[in-house]
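As they're listed, the protein sequences go chains A and B. The numbering of the first sequence is the numbering used here, which starts it at 1 and goes up by one. The numbering of the second sequence is the numbering used here, which starts it at 1 and goes up by one.
Keep in mind that the hints are not guaranteed to be accurate.
Below are the BS3-like pairs computed for lysine-lysine, each with C-alpha atoms no more than 30 Å apart in a straight line [claimed, not checked]:
# : chain 1 : residue 1 : chain 2 : residue 2
1 : B       : Lys296    : A       : Lys49
2 : A       : Lys83     : B       : Lys296
3 : B       : Lys22     : A       : Lys383
4 : B       : Lys22     : A       : Lys83
Using C-beta positions, here's what the derived DEER-type ranges look like [unchecked claim]:
#  : chain 1 : residue 1 : chain 2 : residue 2 : range
5  : A       : Lys83     : B       : Pro48     : 46 to 54 Å
6  : A       : Arg320    : B       : Leu146    : 55 to 63 Å
7  : B       : Gly280    : A       : Ala400    : 48 to 56 Å
8  : B       : Ala241    : A       : Arg321    : 19 to 27 Å
9  : B       : Val5      : A       : Arg25     : 44 to 52 Å
10 : B       : Pro48     : A       : Asp190    : 38 to 46 Å
11 : A       : Asp46     : B       : Val135    : 27 to 35 Å
12 : A       : Lys83     : B       : Val142    : 38 to 46 Å
13 : A       : Gly34     : B       : Pro48     : 22 to 30 Å
14 : B       : Val135    : A       : Ala400    : 42 to 50 Å
15 : A       : Arg200    : B       : Asp260    : 37 to 45 Å
16 : A       : Asp46     : B       : Gly280    : 40 to 48 Å
No wet-lab data here; the hints were simulated from the structure. Since the model is a prediction, treat every value here as computed from it, not as a measurement. Each residue gets a CB set at the ideal place from its N, CA and C atoms; glycine is no exception.
Each chain is listed here by its residues.
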Amino acid sequence: MGRCEVSASTQTAQGDEVVTRAFVRYVDLPGRAGLAALITLDNGFDHTKPNTFGPAGLSSIDAALDEALGRTDLAAIAVTGKKFIFAVGADLSGVPQITSRDVAREVGRLGHRVFARLADSTVPTFALINGAAMGGGLEIALACHYRTVSSGAAPIALPECFLGLVPGWGGTQLLPNLIGPDKALSVIIDNALNQNKTLRGAQAFDLGIADVMFSPADFLERSLEWVSSVVRGDIAVARPEIDRGAAWEEAVARTRAGVDARLHGSAPAPLRALDLIARARTASREEGFAAEDEALAELVMSEELRAGLYSFDLTQKRARRPIGAPREGARPITKVGVVGAGLMASQLALLFAQRLEVPVVLTDLDQSRLDKGVTYVHDEIDKLQARGRLSADRASRLRALVTGSLTKDAFADADFVIEAVFEEMKVKQQVFAEVEAAVADTCILATNTSSLSITEMSSGLAHPERVVGFHFFNPVSVLPLLEIVRAGKTDDATLATAFAVAKSLKKSAVLVKDAPAFVVNRLLTRFLGEVTRAVDEGTPFEVADHALDPLGLPMSPFMLLALVGPAVGLHVAKTLHESYPDRYYVSANLEKLVAAGKPGIYTWGADGQQVDPEVAEMFTPLPGSTPPSGDEVRERAEAALAQEIRLMLDEGVVAEPQDIDLCLLLGAGWPFHNGGITPYLDRTGVSEKVTGRRFLPKGVASLPT
Amino acid sequence: MSRAVRDVVFVDGVRTPFGIGKPTGLYAGTRADDLVVRVIRELLRRNPNLPPERVDDVAIAATTQIGDQGLTIGRMAALLAGLPKSVPGYSIDRMCAGAMTAVTTAASGIGFGMQDVVIAGGVEHMGRHPMGEGVDPNPRIVSEKLVDPSALVMGSTAENLHDRLPDVTRERCDAFALASQHKAAAAIDSGVIAEDLVPMATWSEAGWGLATADEPPRPDTTLEGLSGLRTPFRAHGRVTAGNAAGINDGATGCILAAGDVAAQLGLTAKMRLVGFAFAGVEPEVMGVGPIPSTEKALGRVGLTIDDIGAFELNEAFAVQVLAFLDHFGIKDDDDRVNPYGGAIAFGHPLASSGVRLMTHLAHTFAASPSVRYGLTAMCVGIGMGGTVIWENTAWEGAK
C-alpha cells in the first residue's frame with residue numbers, strides 16, 4: 001500500500017496535535033542476523049506526556065514505513081516507544097471538533113491503512129512493547145507479526161469501551177484471533193467496564209498478547225536478540241490454536257448477558273464491541289476492519305462518547321485541580337486526631353495513617369469501644385500485610401502510628417482533628433467544644449457530617465474559622481470523592497489545608513457550600529424519594545426499582561438503599577425534608593421498614609434476590625393514589641434531579657454543573673456515558689423541559705450541533 | 001586458625017562497545033549506570049551456572065563518581081541489574097586503573113577466603129563526565145610546589161615523558177599507533193572482538209539505537225594522516241589525538257571466583273591470577289608507572305620479564321607503551337604486545353579499561369596454548385602504574 005494522504009478535514013480537526021513522531025534508525029541485529037529498521041515512537045516529551053496518535057502522528061509512522069519498506073536489505077522492522085512509554089492510543093483531544101460521520105470514519109480508516117502496512121510487510125515486523133500500551137498503541141503492536149513485552153510495561157489495555165468507543169484500529173478483530181474470544185472479551189469489555197482495569201506486562205504475556213517477555217533492565221537488547229533468533233529461524237514462535245467453534249459465540253453471549261445486566265443497553269460502545277468480536281470469528285480482515293470503521297464513525301458521533309470524554313476530562317483534570325481551592329497557605333499536618341472509635345472513625349484513622357504517615361489518635365469515652373476501634377485498624381493493617389500489600393516494616397510503622405486515648409488531651413499537639421461521632425447537632429457541638437479546649441488555636445477541626453449544618457456546628461467555638469466539612473463516602477478506602485465544605489466562617493488557610501490533606505489522602509475533592517446534605521446525598525436522596533413515593537403510590541417494587549435501568553446506574557435505587565442502610569437513608573431524607581419539605585419525601589412505609597430493623601427491600605430466597613414478603617406486607621399504599629408506570633417513575637426521578645441541580649447551582653452549592661457531575665461520577669459511581677448526569681439531562685431534553693434551559697452549552701459534553 | 005591462600009580465576013569478561021565521548025557520540029543520551037547494568041546482566045546470562053545469590057560482591061570503578069556514576073555505583077548497579085538485595089556492592093577509584101583495582105581488590109578478598117565469587121568492572125562516561133569534572137585541587141599543590149600543575153593534564157604528562165625519553169620520537173609513536181589501528185581492524189574482522197561485546201541500547205533524540213560495535217576505531221588510518229595531526233598539549237609537541245587514546249564512554253565487567261568454587265559451580269576459568277602490584281611515580285611523568293609496577297609484580301611472584309609470553313598494555317599514549325617496551329628491551333612491533341590492537345584504536349574509557357585488557361589477554365591465552373604467563377599493565381593518572389600477572393589455564397605445559 002502506498003503512502004496514504006491525511007484528509008484535510010481530519011487535519012484541521014486536530015490542529016493542536018502533539019505529534020508523536022516515528023524515528024527510524026538502522027541497527028545491526030546481534031549475532032549477524034542482518035540489518036533491522038528500529039522505529040521509535042516519541043512525541044518529544046518525557047513519560048508524563050505519553051505518545052498518542054493523531055493524523056500527523058499516523059502520517060509520521062506512514063512515512064517511516066515508506067522508508068523502511070522501500071529498502072531491500074532489511075531482515076526485520078521493529079517498533080518501540082520512547083522511555084517507559086510505547087503508545088497510549090489515539091489522540092482524542094480533537095474529537096469535540098469532529099462534526100460529521102464521514103470525518104469520523106476517516107480517522108478509523110487512516111489508522112487501519114497505516115497499521116496494515118506492518119501486517120502486510122514481507123519483512124517480519126515486531127512490536128517491542130517497552131512501556132504503557134493502550135488503545136491504538138496496543139493495536140499497532142497487534143498489527144505486527146510478533147511482540148515482545150517488558151515485565152515492567154504498564155498499563156496495557158484496550159480502554160475504548162470505558163470511554164464510549166471500540167478498539168477500532170484492529171483491536172476487536174486481531175485480539176480475539178490472537179488470544180481467543182474469552183480472553184479478548186475480558187480485555188476489551190470486562191476490564192474496560194470494570195473501572196478501566198489495566199494489565200501489567202506479565203499479565204499481557206500470560207494472556208498471549210506478547211510472544212515473549214523480558215526484564216526492563218535489558219528489555220530492548222534482549223528483544224533485539226530475540227528478533228535475531230526469530231529472523232535466523234532459531235526460534236519458532238508457537239501460538240495456541242483458537243477454538244472457532246460454538247465456544248466463540250457462547251463466550252460473546254456470556255459477556256453480553258453480563259453487560260446487559262449491568263448497563264441495560266444504556267451505553268452503545270460495549271454492545272458494538274461485542275458485535276465486532278462476534279464477527280471476528282469468520283470475518284475477513286477487510287470486512288472486520290470496515291465494520292470497525294463504521295462502528296467508530298457511529299460512536300464518535302454519539303452523545304455517549306462525547307459525555308464519556310467529558311467525564312474522563314473531569315476525573316483526570318478537574319478532580320486534580322479543584323475549582324475554588326486556595327492554591328497557597330496550607331499548613332503542615334504532623335498529627336491527626338479522630339473523635340470517635342466507630343467503624344467510620346476507624347476507617348478514617350487507617351486512611352490518615354496510611355497516607356499522611358503521621359500519628360493518629362482515636363478518642364472515645366468508652367474504653368471497650370476505643371479498644372475495638374484501635375483493634376479494627378490494627379487488624380486491617382494485618383490483613384493488608386497478609387495480602388502482601390504492606391511490608392512487615394511498613395505494617396509495623398502504621399500500627400505504631402494508630403493509638404487510642406480516653407481523653408482529648410492527646411490532641412494537644414495535633415494539627416488536624418476530625419470528628420465522626422453520632423449524627424446529632426448537640427453531640428457534635430459538644431465534641432468540638434471539648435476538642436477546642438485541648439488543641440492549639442490553629443488546629444483544623446473537620447467534621448464528617450453528611451447532612452448537618454457546619455456553620456451551626458461551629459457557632460459556639462472561639463475559632464470557628466478553622467472548621468471545615470470533610471465528607472467521605474463509604475467505603476472510605478474505595479470511593480475517591482471527598483466533599484470539602486466551606487462553612488460560614490471557614491478561612492482560606494483552613495480550606496487550603498483541607499485541600500492539601502485531601503490530595504495527600506489521594507482523594508478527589510470538590511468544594512461545596514454548607515448546604516443540607518451537600519451534593520451527592522442531596523441528589524441521591526431526592527432521587528430515591530421519587531422511587532419510594534412511587535412504591536407508596538402502588539407501583540410494584542420491581543417496576544419502580546428498575547424504572548431507572550435505562551440510565552445504566554451501577555446499582556438500582558433499592559440496592560443503594562440497602563448499601564447505605566435504610567436507617568441512614570431515612571435520617572438524611574428527614575433532614576432534607578426539614579429544609580425542603582416540598583421536595584423531599586419521607587415515606588411512612590420506609591419508617592415502618594426501619595422500625596422493623598429490615599436491612600432493605602430485598603431478601604435472598606430460593607430463587608435469588610426477591611422482595612422480602614414481610615416488607616411487602618408492611619408497605620401500605622397511599623389512599624387514593626394511582627400507581628405510576630415505570631416510565632413515569634423515571635420521568636419523575638429525572639425531573640426531580642434536574643430541578644434539584646438547578647436549585648443547587650442557583651444557591652451556589654457548587655461552582656458549576658461540572659462539579660455536580662464530578663461528584664456523581666466519583667461519589668456515586670454514575671456512568672461516564674451519561675457524563676455524571678447533567679449531559680444526560682441536557683441531551684434527553686429533561687433540563688430544558690423542567691428548568692427552561694440546559695446545564696451545559698452544546699459541545700461541552702455533547703455533540704456540537 | 002589456619003588459612004591457605006586460594007587460587008583466584010578469571011571466569012569471564014564482557015564489555016559494552018566503546019563510544020566516543022562527544023555530544024553526537026554513541027552514548028551521548030545513555031546513562032553510565034545503564035552501561036554497567038547491561039554488563040552485569042550479560043555476565044550472569046552467559047554464565048547460567050552461577051546462581052546470582054552466590055555473587056559475594058560487586059566492585060565497580062569510576063573515576064568521576066558523581067551523577068550517574070555516583071551513588072555507590074557498584075551497589076546501585078547490582079540493584080538495577082536485578083541481583084538479589086543480599087548481594088552488596090561498592091565503588092572503586094584509581095583513575096585509569098579503576099577496573100584493574102576492582103579486580104585486584106576483589107581477588108584479594110577471594111584469595112583470603114572471605115569471598116567466593118565477585119563481579120568486578122568499571123565504567124567511564126567521559127562524554128557526560130569530562131576528566132576533571134568537579135575537582136577541587138588542594139591549593140598546597142601549588143603553594144608548596146608538590147606537583148607540577150601539568151601533572152593533572154594527562155596529555156601534558158605524555159609530553160613530559162617525551163622530554164625524558166628523547167629516543168621515543170613522534171615517528172615511533174605514530175608508527176605504533178598505526179599498527180594498533182591495523183591490529184584492531186584485523187581483530188574486529190576476525191570476530192574475536194565481538195565475542196566480548198554486549199549489545200547496548202542507546203537513546204538519542206532520534207530514537208533508540210543499538211550499539212553492537214566500537215565507535216572509536218579508525219581502520220583507514222595512515223601514517224601520512226597521523227603525521228599531519230596537531231599537538232594539542234604543546235606547540236610543536238609530539239602527542240596527538242592519533243597516537244593517544246581518545247575521550248571515550250564504556251563499561252566492562254568480569255566474574256572472578258575462587259578456583260575451587262569455580263570448579264564446583266561448573267564455571268570455566270580462562271585465566272588464573274598469579275600476582276599484581278601498583279607503584280607510584282612522579283605524577284608529571286605518570287606514563288612510566290607500569291615499569292616499576294611490573295618489576296614489583298614480577299619480583300613478588302618470582303618471575304622475570306622473559307617468562308611473560310603475552311602483554312596487554314594500555315595505550316593511553318603511545319609514548320608510555322614505548323617507554324615500557326624500551327625499558328624491558330622489547331621491540332616496538334613485538335607480536336607478544338597487544339596482538340588485537342589497543343586503546344589507541346578501541347578507546348580508553350578510563351576506569352573501565354583494566355578489564356578490557358584482561359579479556360584481550362584471555363583471547364590470546366585461548367589462542368596460544370604455548371603461552372603460560374601474560375600480564376596486563378597500565379599507567380595511572382597522578383603518577384602510578386598497575387600490573388596484573390596471569391597464568392593461562394589452557395597452557396599446554398600443564399597437561
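Consistency of the hints with the structure:
1. Lys296(B) with Lys49(A): This hinted pair is violated, its Cα atoms lying about 59 Å apart.
2. Lys83(A) with Lys296(B): violated, 49 Å
3. Lys22(B) with Lys383(A): violated, 54 Å
4. Lys22(B) with Lys83(A): Satisfied, since the Cα-Cα distance of roughly 22 Å is no more than 30 Å.
5. Lys83(A) with Pro48(B): 46 to 54 Å: violated, 29 Å
6. Arg320(A) with Leu146(B): 55 to 63 Å: With a Cβ separation near 59 Å, arginine 320(A) and leucine 146(B) satisfy 55 to 63 Å, so the hint holds.
7. Gly280(B) with Ala400(A): 48 to 56 Å: Taking Cβ atoms as reference, glycine 280(B) and alanine 400(A) lie about 54 Å apart, which means the hint holds.
8. Ala241(B) with Arg321(A): 19 to 27 Å: violated, 55 Å
9. Val5(B) with Arg25(A): 44 to 52 Å: Between valine 5(B) and arginine 25(A), where Cβ atoms are some 51 Å apart, the hint holds.
10. Pro48(B) with Asp190(A): 38 to 46 Å: holds, 39 Å
11. Asp46(A) with Val135(B): 27 to 35 Å: holds, 31 Å
12. Lys83(A) with Val142(B): 38 to 46 Å: holds, 45 Å
13. Gly34(A) with Pro48(B): 22 to 30 Å: holds, 27 Å
14. Val135(B) with Ala400(A): 42 to 50 Å: Holds - the Cβ-Cβ distance for valine 135(B) and alanine 400(A), about 46 Å, lies within 42 to 50 Å.
15. Arg200(A) with Asp260(B): 37 to 45 Å: holds, 43 Å
16. Asp46(A) with Gly280(B): 40 to 48 Å: holds, 47 Å
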